[in-house]
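Peer 1: The residues making up each chain are set out below.
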Amino acid sequence: MNQEVFLAMPVFLISAFAVLIVVLDAVSGKNKTINFAFGIFSLLATAGAAIYTLTLQVPKLVNPADYHDIFTITKNTMVFSSYSAYFDILFSLAGILTMLASRSFISKGYHEYKEYYSIIILAVAGMVYISHANNLLMLFIGIELMSIMFYILSGYFRQRIESVESALKYFLLGSFASGFLLYGMALVYGATSSLELNVIAQFIAKNNFNATYLTFGIALLLIGLSFKIAAFPFHQWAPDVYQGAPTTVTAFMSTAGKAAAIFSFIIIAKALMPSFTNNAMRLVSTETMQMILAVLSAATMLIGNITAISQKNIKRMLAYSSVAHAGYMLMGVVANNQLGYDGIIFYATSYLFMQIGAFIVLSVLENKDSSNINLDNFTGLRKSNPYLAALMAIFMFSLAGLPPFAGFFGKYYLFLAAIQSGYTWLTIVAVISSVISVYFYIGLIVYMFFKDSDNPIAKAELKLSSVSLFVCLIGVLLFGFFPSLLMNLYAIIK
Amino acid sequence: MFNIFGIGPLTLITFLPLIGLLIILAIPAGKDEKARELSTNLYRWLTVGFTFLQLVIAIVIYMNFNNALPGINDANTMQFVEKTPWIQLHGLPIFGDLKIDYYVGIDGISAPMILLTAIVCFVATFASWSIKKAVKGFFMMYLLLDIGMMGVFISLDFFLFYVFWELMLLPMYFLIGIWGGPRKEYAAIKFFIYTLFGSVFMLLVMIGLWFTSGTFNLLDLANPANIRPDQIFSGFGTTWRLWAFVGLFVGFAIKVPTVPFHTWLPDAHVEAPTPISVILAGVLLKMGTYGMLRIAWPIFPEAVKYFQEWIALIGMVSIVYGALCALGQHKVGKRDLKKLIAYSSVSHMGYVMLGIASMTSAGVTGAIFQMFNHGTITAMLFMIVGVIYDRAHTRSMDDFGGLANKMPVYTGMMAISFFAAIGLPGMSGFVSEALVFLGAFATYPLYTVISGLGIVLGAAYMLWALQRVFFGKLPEKWSGPWDPSGKLYKHDDINGIELTALIPLAVVVIFLGIFPTYITNMMTESVNQLIHFVTVNGQFTGL
Amino acid sequence: MLESIPLEYYLGLSAIIFAIGAVGVMTRKNAIIIFMSIELMLNAVNLTFISISSFFGNTGGPIFVLFVMAVAAAEAAVGLAIVLALFRLKKTVYVDEVNTLKW
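Heads up: the sequence lines are chains A, B and C, in that order. Per my numbering: the first sequence ends with 519, consecutive numbering throughout. Per my numbering: the second sequence ends with 549, consecutive numbering throughout. Per my numbering: the third sequence ends with 229, consecutive numbering throughout.
Wrong hints could be hidden among the right ones.
[Claimed, not checked] 30 Å max Cα-Cα, derived DSSO-like pairs, lysine-lysine:
hint: 1; chain 1: B; residue 1: K479; chain 2: A; residue 2: K408
hint: 2; chain 1: A; residue 1: K484; chain 2: B; residue 2: K138
hint: 3; chain 1: A; residue 1: K484; chain 2: B; residue 2: K89
hint: 4; chain 1: B; residue 1: K412; chain 2: A; residue 2: K408
hint: 5; chain 1: A; residue 1: K57; chain 2: A; residue 2: K337
hint: 6; chain 1: A; residue 1: K488; chain 2: B; residue 2: K311
hint: 7; chain 1: B; residue 1: K311; chain 2: A; residue 2: K484
hint: 8; chain 1: A; residue 1: K488; chain 2: C; residue 2: K217
hint: 9; chain 1: B; residue 1: K40; chain 2: A; residue 2: K476
hint: 10; chain 1: C; residue 1: K216; chain 2: A; residue 2: K133
hint: 11; chain 1: B; residue 1: K138; chain 2: B; residue 2: K37
hint: 12; chain 1: A; residue 1: K476; chain 2: B; residue 2: K142
hint: 13; chain 1: B; residue 1: K412; chain 2: A; residue 2: K476
hint: 14; chain 1: C; residue 1: K155; chain 2: A; residue 2: K139
hint: 15; chain 1: A; residue 1: K133; chain 2: C; residue 2: K155
hint: 16; chain 1: A; residue 1: K337; chain 2: B; residue 2: K412
hint: 17; chain 1: B; residue 1: K139; chain 2: A; residue 2: K476
hint: 18; chain 1: B; residue 1: K138; chain 2: A; residue 2: K488
hint: 19; chain 1: A; residue 1: K231; chain 2: A; residue 2: K337
Rather than coming from a laboratory, the hints here were simulated on the basis of the structure.
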């Protein structure tokens with residue numbers, strides 16, 4: 026009982042801080058630094074609490090069917106596993122990195138409103154709810170809280186048509202997808218008469234459910250979640266939104282947002298795809314679902330990478346590549362085993378560092394109206410901004426999955442997981458699509474390093490972004506050279 | 007064994023350049039002209055210093071190398087071994103722990119390669135004097151490349167090998183792409199995509215092998231006793247295993263390169279700056295054949311037996327086709343001297359393929375010796391092209407003629423290297439080619455005889471090139487000094503820095519031509535062990 | 127009474143409403159009408175929840191519906207603000223006229 030209060034600390038803290046920072050907005054007057062500092066502090070505190078819970082004896086990611094009423098204070102609406110705590114840290118970290126980089130960026134592009142920081146805190150709160158959800162309602166609230174904050178953030182540059190357009194598209198398609206998600210939840214509720222995932226899993230394990238409702242429910246859930254992670258064929262919104270949104274916001278959305286969406290995928294898959302049941306009564310067996318997901322995953326990474334090749338705008342190119350990365354992470358869900366979930370964790374972590382890093386480099390180099398982030402604008406960047414160009418190159422190599430950077434090991438574990446569960450063909454598709462992806466990642470390097478330009482982008486001022494970039498670089502290198510640091514971190518915790 | 011603060015000689019020789027890299031990173035390039043010149047010289051001499059230290063360590067390793075220990079599949083007879091856990095994941099379902107070690111060691115196959123890498127890296131530094139653009143970045147990338155190459159040759163863990171293999175790709179890409187010739191972007195991307203394409207197959211095979219044997223240790227992977235039942239590569243002579251071998255072979259063959267995977271090579275060589283061409287031809291190409299001997303042959307012995315004749319055929323085609331392409335440089339287009347030498351590399355690496363396909367003691371010994379000799383000889387050839395290109399800014403053979411009077415010393419060096427490349431007796435190339443033919447003739451007489459055509463063609467294109475460049479009448483435009491201002495070149499002939507690079511190589515080439523046993527003795531035991539191992543294990547199959 | 131009408135009828139009705147909403151989202155061009163269609167979809171889901179809950183005699187459904195309504199209200203606030211921002215810039219609310227982002 027007592028321990029559980031500590032376990033729930035990250036959730037309590039981020040909720041409290043999210044309310045407090047809104048209040049602070051009202052009373053702090055013109056002082057933006059207070060809000061900024063408070064935002065950073067609350068994320069640090071959340072991360073700290075989550076790190077503390079990792080040292081307690083908590084289950085890793087138990088089968089929902091296995092846990093009985095152990096989480097009493099939250100009435101089973103929440104679950105406190107080490108995976109949840111780990112993702113809390115990840116979300117807080119993404120928030121911190123984004124906030125540090127945002128400060129100078131948003132005042133350069135528009136105007137620094139202090140509410141920006143509150144919105145980020147609220148979005149992180151939504152993600153934290155997702156990572157702790159054991160109840161469909163909790164999951165829904167988490168996803169919606171996060172999504173609504175993203176709608177606002179993408180439209181932050183409200184004097185700029187691209188930003189508003191991306192917000193509109195994101196809003197319309199996002200709430201459309203929420204409708205599907207919600208309907209899926211309703212049908213799963215109808216099939217099993219419960220909203221709690223562990224109870225649902227137990228019903229499914231006992232073959233005690235309405236097969237028709239469950240089948241449609243799962244199908245609708247899949248559609249809704251595919252929208253949220255931008256998987257094929259529901260990925261079209263991603264490039265538009267990621268391109269139009271302010272770059273730091275894109276960094277945040279495409280990493281933490283994607284990790285949260287993937288995590289909700291894991292939760293759902295864990296409850297609805299038990300690998301131990303005989304699925305005699307179900308219309309959609311676990312194998313069929315795995316197969317569907319595998320096809321989605323393969324299509325997502327191929328489409329993402331192939332379309333990225335023809336892009337001229339770097340932000341859009343990275344947006345398509347992030348679609349492809351969602352496909353890689355889906356491989357872990359397809360594998361549906363411990364190795365796969367561990368692989369997702371590693372991948373999400375390494376992806377966070379390299380993708381946020383790449384977007385922050387972009388944000389630093391952008392001009393006032395973000396019109397200079399086409400490939401040819403980056404010509405000759407080696408001369409004017411050698412260190413930023415080198416950083417970008419490292420992030421690109423890591424995104425392309427080349428050793429010894431973190432991206433390689435992330436992919437490597439997912440490949441292992443997919444092969445282990447018998448999806449060798451999916452691994453081969455993944456390998457081919459990463460070779461395709463190398464083409465555009467190193468294409469950017471060609472522009473930055475191999476071509477010379479008369480008027481390259483002027484030397485950029487880093488300010489606080491340098492801290493974010495440094496952290497990202499350390500992450501990419503450290504987990505690249507010593508992946509066992511990260512992998513054993515949560516192996517020991519168990 | 008000797009250690010410095012617990013660091014073994016192999017770790018030292020591999021990661022020494024890292025220190026140099028960090029020092030160079032720390033030294034600012036300087037703002038004004040004078041500071042810039044000072045820092046440029048500092049970078050150069052730092053690189054010379056560190057590669058020289060490497061060479062010293064390589065020689066010390068050579069002196070302490072015990073020729074009687076075979077190595078190959080026997081962990082106890084590997085030399086200078088270091089083993090520390092690197093990546094460890096505990097309690098994976100089904101397969102237990104994932105264990106990747108920092109496991110390095112050398113035997114008779116890798117020891118000559120270490121020596122070769124040290125020599126080539128040292129001399130190529132002197133060829134880097136002509137680099138004028140972004141010198142700091144160049145030498146940093148150069149040293150990084152050095153680390154990657156050494157690492158490949160010392161790794162005894164497949165994962166470690168793969169990481170070094172890919173690590174070397176990155177600096178190479180920048181070195182061609184930034185400091186290369188007019189079509190550098192195309193050449194760099196082509197090189198990168200080709201090599202990467204090959205290495206992803208290697209990655210897949212590596213994952214499959216881990217599922218099969220539960221380890222990345224190359225020696226354990228080669229041991230059939232470690233193969234678990236009912237895994238992807240279980241059982242000998244299965245279709246999956248044959249495909250895996252093909253995957254590995256393609257990955258390595260792209261690097262060699264053999265026909266039909268060779269098309270990246272002429273582009274990369276022609277566009278790369280001189281020192282990088284030297285390293286590319288001198289060391290990088292050897293990684294392909296080294297990988298075959300170290301990884302593909304011991305792990306898939308039955309597949310070697312199955313594909314043996316095809317590999318020999320590929321070797322033969324590479325020899326003849328490479329030589330014909332080189333000869334074709336005299337007929338078509340710009341008569342590019344560098345392209346000619348690039349194609350001659352394809353031909354010469356074909357001998358290596360033929361030798362290792364023969365699976366005879368003489369053939370494999372000859373192949374490894376040929377790897378070493380080709381490294382030194384081609385390094386010379388590329389440097390010689392570099393010398394003339396720096397002065398005349400053209401590589402077309404049509405633009406030259408009669409240089410013998412203008413540059414007598416240079417002509418002498420060029421003659422040595424060209425004759426060595428032809429395989430003139432008394433030069434090292436002769437010994438290795440003779441050994442390869444001797445060994446291959448026992449197994450594949452027909453292919454060997456046809457391959458002999460390569461020697462004839464080789465003599466033709468090399469001598470023709472020699473004649474076009476050095477004899478006849480000096481063109482009008484070169485009658486004056488190379489550099490009228492006298493700033494860059496004081497004399498018309500080759501200068502001291504360039505000679506420093508060329509003379510050690512010439513000495514090695516001639517010395518090994520007369521006393522080949524100084525290298526071949528290192529590998530005899532290992533080669534015999536390898537052949538024995540592959541032949542015995544290759545029997546398991548019903549193929 | 128409720129028991130006299132089978133659950134399937136309620137679910138069928140909500141499925142039809144949901145489909146009408148979904149088709150509306152895909153065919154209409156006016157951002158406001160699209161948004162209304164989305165609200166229709168959410169209300170169809172609410173109906174599903176309520177009827178299932180009533181059928182099982184379980185309180186989860188109505189609670190969920192309350193939250194869905196709250197979330198829909200928040201979405202409406204944000205959505206209309208975005209449409210307003212768009213109208214200020216482009217003087218239109220038709221989504222096919224908003225096409226600056228494409229490849």
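Peer 1: Would you mind marking each hint as holding or not holding in the structure?
Peer 2: Going down the list of hints, with the structure as the test:
At most 30 Å may separate the alpha-carbon atoms for a hinted pair to count; K479 (chain B) and K408 (chain A) exceed this at roughly 44 Å. Among the hinted pairs, K484 (chain A) with K138 (chain B) is consistent with the structure: their alpha-carbon atoms are about 23 Å apart, no more than 30 Å. Of the pairs offered as hints, the one joining K484 (chain A) and K89 (chain B) is violated, with about 46 Å between alpha carbons and a cut-off of 30 Å exceeded. Proximity of K412 (chain B) to K408 (chain A) is assessed by CA-CA distance (about 40 Å); at most 30 Å being required, the pair is judged violated.
Under the criterion of a C-alpha separation no larger than 30 Å, the hint pairing K57 (chain A) with K337 (chain A) is inconsistent with the structure, at around 36 Å. Distance hint between K488 (chain A) and K311 (chain B) is unfulfilled; the C-alpha atoms sit about 63 Å from each other, more than 30 Å. Between K311 (chain B) and K484 (chain A), the direct Cα distance comes to roughly 60 Å. Violation of the 30 Å bound is thereby established for this hinted pair. For the proposed pair K488 (chain A) and K217 (chain C), the alpha carbon gap of about 38 Å is over 30 Å, so the pair is violated.
With a CA separation close to 27 Å, the supplied pair K40 (chain B) and K476 (chain A) stays within the 30 Å bound. This hinted pair checks out: K216 (chain C) and K133 (chain A) have alpha carbons roughly 23 Å apart, not beyond 30 Å. At roughly 15 Å between alpha-carbon atoms, K138 (chain B) and K37 (chain B) fall within 30 Å of each other, so this suggested pair holds. Our distance criterion of 30 Å between C-alpha atoms is met by K476 (chain A) and K142 (chain B), whose separation comes to about 18 Å.
Between K412 (chain B) and K476 (chain A), the direct Cα distance comes to roughly 37 Å. Violation of the 30 Å bound is thereby established for this hinted pair. For the given pair, K155 (chain C) sits about 34 Å from K139 (chain A) by alpha-carbon distance, which is inconsistent with the 30 Å threshold. Only pairs whose Cα atoms come within 30 Å are accepted, and K133 (chain A) paired with K155 (chain C) is rejected, the gap being roughly 34 Å. With a C-alpha separation of about 52 Å, the suggested pair K337 (chain A) and K412 (chain B) falls outside the 30 Å cut-off, and the hint is violated.
Among the hinted pairs, K139 (chain B) with K476 (chain A) is consistent with the structure: their alpha-carbon atoms are about 13 Å apart, no more than 30 Å. With a C-alpha separation of about 33 Å, the suggested pair K138 (chain B) and K488 (chain A) falls outside the 30 Å cut-off, and the hint is violated. This hinted pair does not check out: K231 (chain A) and K337 (chain A) have alpha carbons roughly 53 Å apart, beyond 30 Å.
Hints 1, 3, 4, 5, 6, 7, 8, 13, 14, 15, 16, 18, 19 from the list above are not met by this structure, while the remaining hints are.
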